[in-house]
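Okay, so the sequence shown: first residue is 1 according to the working numbering, each after it adds one.
One or more of the hints may lead you astray.
[As the list claims (entries may be wrong)] DSS-like, lysine-lysine: derived pairs with alpha carbons at most 25 angstroms apart: (1) K421 with K200; (2) K157 with K359; (3) K200 with K239; (4) K443 with K413; (5) K72 with K29; (6) K253 with K318; (7) K443 with K200; (8) K157 with K193; (9) K313 with K253; (10) K179 with K413; (11) K128 with K153; (12) K421 with K443; (13) K72 with K193; (14) K128 with K61; (15) K193 with K241.
The hints are simulated quantities; they were obtained by calculation from the structure and are not laboratory data.
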Amino acid sequence: MKYYSKNKETAEPVHLSDRIPPQALDVEKTVLGSMLIDSQAVVNGIELLDEECFYSGANAKIFLCIKEMFEKTIPIDILTMAEMLRKKDWLKDVGEETYLAELAESIATSANIEYYAGILREKATLRKLISVAGEITTDCFNTEIDPQEILDKAEAKIFNISESRIKNKFESVGELLPKTFEDIEGYTKGNFKGILTGFKELDDMTTGLQPGDLIIVAGRPSMGKTAFVLSMTQNTAVKYKNATAIFSLEMSKASLVQRMLCSEARINMHQLRSGTLPKRDYSKLSLAAGPLAEAPIFIDDTPAITVLELRAKARRLKAQNNLALIIIDYLQLMGSSGKVESRQQEISIISRSLKGVAKELDVPIIALSQLSRAVEQRTGNHRPQLSDLRESGAIEQDADLVLFLYRDEVYNKDDESVKGKAEIIIGKQRNGPIGTAHCAFIKDYARYENLAERVEENTGF
């Protein structure tokens, strides 16, 4: 296959197929030799490597035999290895017993196998990238394939290579305990590990949004899901200075900023958009713009964004701005990178992948979600339940925290006692209690806040 250089004047083809792929044959021999003479090297090698890490086909076959013998608790040495290779009719392929003896004699110590394994993994990654680059190039020359499909496939392939490089090691309880006691000491001093939402009752019940957690915020239309997460963003980013990324799949960047501005300034959005805002309120806009401009809030309004795209953008933001929180508005509008059999399967893949991104980046991810019409069809109590989540099985399973927004005034418009009051129902909390937190909702400003703040505003104190 030919690849052309970036020099437009010469446009000389580069024949990558004529070049030897990245490899380290001497290191491969050293690793296999270590595994033939040291049982601990076998354990380390199997944990850190797979057959694709070996460029030599013969070495890959020897490694596969070592894995099989380890799983079957067969002693591993030159003689037993030769017998296993003979059974598979591979002995001649690898160079007979002579090559096995050469492997065992080629090392002085097996102490550095972890370092050598790292070299082999890096070489394997480079070979995979070269292979994927060739596949992408072939697709690009195929006029029958849509460019967006090529992009999605390319992202998926690169993502899979990146994921395959991540190998977490075990840590003993003894190693983890010091950090655990640090956290406990912090709790006694009121230092929560999680990101505070600014809603006191909710923060008291959750101790904040925990890094690595997937949080689902769900509600029926008109409950104010977007208003809730925007109010939360103003608390986390404006008040607490936590860098927050908003992926808005439904509303434009401009619309979100207008809503945040009206909420922060406490002015009527309808009056603003209709041009009937009283002149005295324009000064409020100017005052509100300052804190918002300084807040670390970042908005992306790419429609139907995939998890792969979101992950790439979030990783950059994490590196550049110490990202602390991700908000997605909303889950069901996200796209998938491949073909799926059903919408339920697609949502399952998306929610599971979002949980993986939250763990990888060590930040909480809030994903807004729709509720089924079953809420409206119930008589009497319309408060949501876990079974009301659309495609509920996967979402409920993957989520660490599920919050339902409920405003009784939506169903009981004539009841003055419930006007302006909202409930944040904790339907699931993996590491805490379930229950209900209460707050206020100011419809004119599309703003959620603590009930105490609402009382102070009404009384003038």
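Verification of the hints:
1. K421 with K200: With Cα atoms ~15 angstroms apart, K421 and K200 stay inside 25 angstroms; holds.
2. K157 with K359: Holds, at about 20 angstroms.
3. K200 with K239: 14 angstroms, holds
4. K443 with K413: 13 angstroms, holds
5. K72 with K29: 23 angstroms, holds
6. K253 with K318: 20 angstroms, holds
7. K443 with K200: Holds - the C-alpha atoms of K200 and K443 are around 20 angstroms apart, at most 25 angstroms.
8. K157 with K193: Answer violated: K157 to K193 is near 35 angstroms, above 25 angstroms.
9. K313 with K253: 16 angstroms, holds
10. K179 with K413: With a Cα-Cα distance of about 51 angstroms, the restraint between K179 and K413 is violated, given a limit of 25 angstroms.
11. K128 with K153: Roughly 15 angstroms between the alpha carbons, so the hint for K128 and K153 holds.
12. K421 with K443: 10 angstroms, holds
13. K72 with K193: The hint is violated at about 44 angstroms.
14. K128 with K61: With Cα atoms ~19 angstroms apart, K128 and K61 stay inside 25 angstroms; holds.
15. K193 with K241: OK: K193 and K241 at ~15 angstroms, within 25 angstroms.
Comparing the model with each numbered hint stated earlier shows that hints 8, 10 and 13 do not hold.
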